[in-house]
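Combine the two chains into a complex, taking the hints into account.
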Amino acid sequence: QKEVEQDPGPLSVPEGAIVSLNCTYSNSAFQYFMWYRQYSRKGPELLMYTYSSGNKEDGRFTAQVDKSSKYISLFIRDSQPSDSATYLCAIGRATGANNLFFGTGTRLTVIP
Amino acid sequence: DSGVTQTPKHLITATGQRVTLRCSPRSGDLSVYWYQQSLDQGLQFLIQYYNGEERAKGNILERFSAQQFPDLHSELNLSSLELGDSALYFCASSVSGGESDTQYFGPGTRLTVL
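Those protein sequence lines, which keep their order, are chains A and B.
The numbers in the numbering used here rise by one with no breaks, and the one at position 31 of the first sequence is 31.
The numbers in the numbering used here rise by one with no breaks, and the one at position 15 of the second sequence is 127.
Derived by calculation from the structure, the hints in this document are not laboratory data.
The beta-carbon is built from N, C-alpha and C at its ideal position, and this holds for glycine as well.
Be careful, since some hints might not be right.
Heads up, incomplete: computed chain B residues facing chain A, CB under 7 Å, no partners named [unchecked claim]:
hint : residue
1    : Gly154
2    : Leu155
3    : Phe202
4    : Thr214
5    : Phe217
6    : Gly218
7    : Pro219
8    : Gly220
What the simulated footprint calls covered on chain A by chain B, stretch by stretch (three residues with Cβ under 8 Å from a Cβ of chain B suffice, anywhere in the stretch; the number is not a length) [stated by the list, open to error]:
hint : segment
9    : 37–48
10   : 103–109
Next up, chain B with everything else stripped away, as it sits in the complex (with noise of 0.2 Å):
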C-alpha cells in the first residue's frame, strides 16, 4: 500500500458527461500528479501541482482540469467525456515535487466511457 488513496475504484459513465476523480496524496506529501494510463498510449502524465499551485503540465486535454486543496487534496475534472477517455486514471504523490523525488502511485480510478 503506498498511503495514496484514490476514489472511486471505477467509474461507468456516458459520452457527453462531466465526473470527478478524487486523491488523497501521502501523509505529508505536498505533490500531487495526475496521469492516465490507456492500453494504446500507456502512461501519460496529465499535470502536477505543489502545495495548490500547478506545477507542471503535460498532455493535459483542455476538457480536462484540475486543483489541490488547501488539504492537500486533488480533484481532476474531467468533462465532455468521449469514448477515448476510457482509461485508467492514477495519482502519485511526493515530498515536494522536486526532480529526483520519488513518486508513489496510489490503486488508480478506472473509467469507463459507454
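Just chain A, same shape as in the assembly (with noise of 0.2 Å):
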C-alpha cells in the first residue's frame, strides 16, 4: 500500500468554480501536510503547510485535514486559469528524516 494515494485526474474546471483535491493517506505517525503546486517543465513549489486537523486558508487556497480520517483536501475558491497546473499533497514524519511522501499528483486545468 502506498503511503499517500491522490487521485491523477485530469480535472477540467471552468473559471471561477470550486475545486476540490483530495488525498489519502495510510500512516497515522504522519503530522504534517503539504501541497505544492507544479507548472509545466517547473519544479514544485509549497503552496500551503498545516500540521493540525482543521483548516487553514490563504487567500483563495483552503487547506483541510481530518487526521480521524486521515483525509486532506485543498480547495481553491474562485479558479484562475493561472491555477492550471499539476497539485501534489505530501506528508511528513514529526520526528525522524525530513522527507516528505507525495502523491503522483492532480492535473487541473481551469478554462477560461
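Following this line, the structure appears as C-alpha cells:
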C-alpha cells in the first residue's frame, strides 16, 4: 500500500469554479501536511503547509486535514486559468529524517 | 525562481552509461535533497545532505550516489543506466534540513535513457 494516494485526474473546470483536490494517507504517525503546485516543466513549489487537523486558509486556497479519516483536501475558490497546474499533496513524519511522501499529483486545468 | 539551480536541463544518454547531475542550493541553505519524478511513481525522495554529510536516505538505488561539496553544491551520480531511470530529477534545498523546513525546488534535470 502506498503511503499517500491521490486521484491523478485530470480535472478540468470553468474559470470561477470551486476546486476540490484530495489525498488519503495510511500512516497515522504522519503529522504534517503540505500541498505543492507544479507548473509544466517546473519544480514543485510549496503552496500550503499545516500540521493540525482543521482548516487553514490563505487567500483563495484552503487546506483541510482530517486526521481521524487520514484525509486531506485543498480547496481553490474562484479558480483562475493561472491555477492550471499539477497539485501534489505531501506528508511527513514529525520526527526522524526530514523527508516527504508525495502523492502522484492531480493535473488541473481551469478553462477561461 | 526558487534560487536553486540545476544543470543540465536535459540529458540524453544510452543504457549502461553514467551521468552526473549538478545542483546549487539557495544562498544560505545548508541542506540539499534529491528527488526522482516519473509518471508512474510520482515524486520520490532519494537522499538528503546537510552541510556535506548524508542525513537521510530514501528510495535510492545502489547504482546511484550523491555527495555535497564544501561549497554546498551537490552532485547526483547515476551509473549503469537503465531505461527505467528516465525521469525528472529534482534538487531541493532548505536552510537547516530540519523537519519543519520549507524545501525549495530547482527546475529539474530531464534524463532520457535510450
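So, going through the hints one by one against the coordinates:
1. The beta carbon of Gly154 of chain B comes within 4 Å of a beta carbon in chain A, closer than 7 Å, and the hint placing it at the interface holds.
2. Hint status for Leu155 of chain B: holds, given a least beta-carbon distance of 4 Å to chain A, under 7 Å.
3. Contact between Phe202 of chain B and chain A, as hinted, is supported at the beta carbon level, the nearest pair being about 5 Å apart and thus within 7 Å.
4. Interface restraint check for Thr214 of chain B: the shortest CB-CB distance to chain A comes to about 6 Å, inside 7 Å, so the restraint holds.
5. Annotation: interface hint on Phe217 of chain B holds; nearest CB of chain A at approximately 3 Å, less than 7 Å.
6. Look at Gly218 of chain B: its Cβ gets to within about 5 Å of chain A, closer than 7 Å, so that hint holds up.
7. Contact between Pro219 of chain B and chain A, as hinted, is supported at the beta carbon level, the nearest pair being about 5 Å apart and thus within 7 Å.
8. Interface hint at Gly220 of chain B: satisfied, since its Cβ lies 5 Å from the closest Cβ of chain A, which is below the 7 Å cut-off.
9. A stretch counts as covered by a chain when three or more of its residues have a beta carbon under 8 Å from one of that chain; for the segment 37–48 of chain A and chain B the count is 6, and the coverage holds.
10. Counting residues of the segment 103–109 of chain A whose CB lies closer than 8 Å to any CB of chain B gives 3, which reaches the minimum of 3, so the coverage claim holds.
Consistency with the previously given hints is maintained throughout, with no hint failing.
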